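Could you slot chain B onto chain A? The hints should help.
Going down the list, the sequences are from chains A and B. Heads up: the first sequence begins at 3 in my numbering, then just goes up one per residue. Heads up: the second sequence begins at 749 in my numbering, then just goes up one per residue.
A hint or two may mislead.
Label-pair distances were calculated between CB atoms; the ranges are [said to hold, decoys possible]:
#1 B:Ser-882 / A:Gln-46: 24 to 30 Å
#2 A:Gly-7 / B:Phe-810: 28 to 34 Å
#3 A:Thr-242 / B:Ser-882: 31 to 37 Å
#4 B:Arg-939 / A:Asn-20: 35 to 41 Å
#5 B:Pro-815 / A:Leu-29: 35 to 41 Å
#6 B:Arg-939 / A:Leu-6: 57 to 63 Å
#7 B:Ala-818 / A:Gln-337: 33 to 39 Å
#8 A:Val-248 / B:Asp-921: 53 to 59 Å
#9 A:Tyr-429 / B:Gly-807: 44 to 50 Å
The list that follows gives simulated cross-link-like pairs (lysine-lysine, DSBU-like), each with its CA atoms no further than 35 Å apart [what the hints assert, rightly or not]:
#10 B:Lys-987 / B:Lys-963
#11 B:Lys-835 / A:Lys-430
#12 B:Lys-876 / B:Lys-900
#13 A:Lys-21 / B:Lys-900
#14 A:Lys-11 / B:Lys-1017
Some but not every residue of chain A turned toward chain B, in silico, with C-beta under 10 Å [to be verified]:
#15 Arg-12
#16 Ser-213
#17 Arg-214
#18 Ile-216
#19 Glu-217
#20 Lys-224
#21 Leu-344
#22 Arg-417
#23 Val-418
#24 Ser-428
#25 Glu-431
#26 Leu-432
#27 Lys-434
Think of the hints as simulated: they come from the structure by calculation, not from any bench. None of the values given here were measured: they were computed from a predicted structure. For each residue, glycine too, the CB sits at the ideal point set by N, CA and C.
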Amino acid sequence: MNHLGLVIKREYLTKVRNKAFIVMTILSPIIFMALFALVGYLSQINNSKERTIAVLDESGKLASVFENKENLTFVRLDDMTLDEAKQQVEDNGDYGLLHIENYPELSEIAKSIKFYSEDSPSLTLIASLENRLEKEMTDLRLQQNGVDIEKLRASETRIDIVQESFLGEKSSKIDNVVKLAFGGFAGYMLFMFIIIYGNMIMRSVIEEKTSRIIEVIISSVKPMQLLMGKIIGTSLAGITQFAIWVVLGGGLMLIVSAIFGIDMSEMQSQQEVMEQAVEASGGAFNMQTLMNAIFNLPLVNLMIAFILFFIGGYLLYSSLYAAIGAAVDNETDTQQFLMPILIPLILAVYVGVFTVIEDPHGTVSTVFSFIPFTSPVVMLMRIPFDVPLWQQLVSLVLLFATFMFTVWFAAKIYRVGILMYGKKPSYKELFKWLKY
Amino acid sequence: MSDLLVANSVSKNFGNFKALNDVSIAVPEGSIFGLLGPNGAGKTTLIRIINQITMPDSGTVFLDNEPLKAHHIQDIGYLPEERGLYKSMKVGEQALYLAQLKGLSKSEAKKRLKYWFDKLDIGDWWHKKIQELSKGMAQKIQFVVTVLHKPKLLIFDEPFSGFDPINANIIKDEILQLRDEGATVIFSTHRMESVEELCDHIALLHEANKILDGKLIDIKHQFKTNTFEVGLVTNNEAKLTQILKEKFEISQADFRSLNNDLKLNIKLKSQESSNDLLRFLTSHAEVNHFNELVPSANDIFIQTVRNN
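If we strip away everything but chain A, and leave its shape as in the complex, we get (with noise of 0.2 Å):
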């Protein structure tokens, strides 16, 4: 007579077998991945598209800066009036005119530069014309100041600091990148697990109020097994959802970079920050920095602590889901109390993200760490870092026995809320609950 299990079991087949669900665990990597195609795809098109800009450079002085590239092709006007050129360009159907003016004064010509054309320019070409000319103007007016160019790019000096603890571990920015990097994808997976599984849950309660079968399933079961049957089941289809979602999107992907090859833009600002970060620390990019990275994280401690705070964390915020459920008779009415568990979850990701890149192990981040509702998010992106183990297994202890906390309250909730019909309850009333 195992109830648990014949709930667990239940619970678990009707989630996955439902249709909406099968669509969604198949469907999901591959709108994600025809929609990364078409961003690859289109900003292909984008690059790939010729632009010709012709220079009006009166001054004579800025127009030999202009390199043609692979896209772009300058064309100098020369011995033109303003009125001729733009004519011309505009004949020529090109993308846009440069124009230059003279004056005695650099700073003048500075001021004077103007770009004409059709329609609003693409912001990230005029950004490009202005570093190019920005660099030529300063160094033609310290020319003019009698600085020798030379002698000051000679100068020009490039710092890195080699970080190393105390005990003789060193690191370099590849590091924290990496470090971010596992932490930040741990700390937001439990989020959106919590939030896309929770809300699961609590349908699955409302689903057994408004069916009317919760008193005849409650005749057999004690609500405590239900409620933990429900959380169980429904976390095990959570984890077949996401299994599926891994396989088939990393499948996926593997299909669609080969397309596209790596000119893909998503894989290219990563490769750039880490390009960044190992040019700055100065060694060459390759896969074997990137390896000595992963394998210098903790990654034993962080198995182990991301299965015991995801658990925790995930529990904790489930059973409140779940009394939520309870609490009220449809889906409309659970927004006022859905807001005080997404508050600390939010603000979970926020201090996550900003003050744990920050200083990993600053106040802030640490007291977060420690308090259970924002704790696992916290924590998790945290341990990459090297959390001391006397920290991380306090925030363990609180983490559970606020959990047992929250489930003792939900179970208080669950087991008056679910024979509750037809009225809204207020948290004054869900308090009384708890008193009978």
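Using the frame of chain A, we list chain B on its own:
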């Protein structure tokens, strides 16, 4: 005959609201026990306490002379008033799940379900989803699920709601048959005619208190007023009425009859017997209707609740 279920001074408060105040009932084994009372009297709370859904603040409930424990859940079959089934689950799966929760093995549950589905002629619903069935059809399945594990005690809360008269009759016969096979039934309803038809014992709750209980027949004796309904044929109604008025307490009666006769309710004093009345009447007129007015469950219900 021993009592299968005994509730001893059970009280329950919800905050400041008193749902049950020192209520005791005893349900004899093999009986059909009517648990009656106006809305909000505390019937559902008492039933939930018996099902261990709610815990009493004080008092104890005994099943088979044993204080209620978790394993007693298997000995009870409960059909709540607020009932439903999982809408998106198939009938068969759902019935199996609920049966297994009551402690039946899967194979045993399947066997018994097949028996009941054939008996109630619903065998071809096995693969249908509940949302495809009508309310009455779903009620039948709920009834089957309630009785499937052959519990000693069956609790029905408004079991006939949602049934057409034909199906209500089928369910009524099934309940009676279950009783004959040894089950004890607690029956909560507002339909007094089914109380009249089915119940041996009743208890009446009103505003958290038990105000009446016992064998239905004893209660009826207790509530009878010694009044007889008579129809008399005579040449001189006015004279006869006058004679009767002097001797008895009479009032106008209303019933259907073939003759255009004098219809009266005659109340006897406690020492007078019906034979005395009959003898007196036959000496003055032709008696073609004579009937003791037995209080109906409905009358008893209304009268008792009003007086409290």
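For each hint, the structure was consulted:
Between B:Ser-882 and A:Gln-46, the C-beta spacing of about 59 Å breaks the proposed range 24 to 30 Å. A C-beta distance of roughly 31 Å is found between A:Gly-7 and B:Phe-810, which places it inside the suggested range of 28 to 34 Å. For the hinted restraint 31 to 37 Å between A:Thr-242 and B:Ser-882, the CB-CB distance of approximately 35 Å keeps it satisfied. For B:Arg-939 and A:Asn-20, the hinted distance range of 35 to 41 Å is satisfied, since their beta carbons lie about 39 Å from each other.
The beta-carbon spacing between B:Pro-815 and A:Leu-29, approximately 55 Å, falls outside the hinted interval of 35 to 41 Å. A beta carbon spacing of about 39 Å between B:Arg-939 and A:Leu-6 contradicts the range 57 to 63 Å that was offered as a hint. For the pair B:Ala-818 and A:Gln-337, the beta carbons lie near 37 Å from each other, so the given range of 33 to 39 Å is met. For the pair A:Val-248 and B:Asp-921, the beta carbons lie near 58 Å from each other, so the given range of 53 to 59 Å is met.
For the pair A:Tyr-429 and B:Gly-807, the supplied restraint of 44 to 50 Å is violated, since their beta-carbon distance comes to about 32 Å. Proposed proximity of B:Lys-987 and B:Lys-963 is contradicted: the alpha carbons are some 43 Å apart, above 35 Å. For the given pair, B:Lys-835 sits about 33 Å from A:Lys-430 by alpha-carbon distance, which is consistent with the 35 Å threshold. A C-alpha spacing of about 30 Å is found between B:Lys-876 and B:Lys-900, which places the hinted pair at or below 35 Å, so the restraint holds.
Between A:Lys-21 and B:Lys-900 the CA atoms are separated by roughly 40 Å; this puts the pair beyond 35 Å, and the hint is violated. A hinted pair counts as satisfied when its Cα atoms are at most 35 Å apart, and A:Lys-11 with B:Lys-1017 does not qualify at roughly 69 Å. For A:Arg-12, the shortest C-beta to C-beta distance to chain B is roughly 6 Å, which falls under 10 Å, so the interface hint holds. Annotation: A:Ser-213 was flagged as interfacial toward chain B, and the flag holds, the nearest CB pair being 4 Å apart, inside 10 Å.
Contact between A:Arg-214 and chain B, as hinted, is supported at the beta carbon level, the nearest pair being about 3 Å apart and thus within 10 Å. Checking A:Ile-216 against chain B by beta carbon gives a least distance of about 8 Å; that is within 10 Å, so the hint holds. Taking 10 Å as the C-beta contact cut-off toward chain B, the hint placing A:Glu-217 at the interface holds, the least distance being around 4 Å. Because the beta carbon of A:Lys-224 sits about 8 Å from the nearest beta carbon in chain B, less than 10 Å, this interface hint is met.
For A:Leu-344, the interface hint is violated, the least distance from its beta-carbon to any beta-carbon of chain B being 28 Å, above 10 Å. Of the supplied interface hints, the one on A:Arg-417 holds, with its beta-carbon coming within about 8 Å of a beta-carbon of chain B, less than 10 Å. Against a cut-off of 10 Å between C-beta atoms, the interface hint on A:Val-418 holds, since the closest Cβ of chain B lies about 9 Å away. Below 10 Å, beta-carbon pairs count as interface contacts, and A:Ser-428 has none with chain B, the closest being about 13 Å; its hint is therefore violated.
Because the beta carbon of A:Glu-431 sits about 9 Å from the nearest beta carbon in chain B, less than 10 Å, this interface hint is met. Annotation: A:Leu-432 was flagged as interfacial toward chain B, and the flag is violated, the nearest CB pair being 12 Å apart, outside 10 Å. The restraint placing A:Lys-434 at the interface with chain B holds, with a minimum CB-CB distance near 5 Å, inside the 10 Å limit.
Hints 1, 5, 6, 9, 10, 13, 14, 21, 24 and 26 from the earlier list are contradicted by this structure; the remaining hints agree with it.
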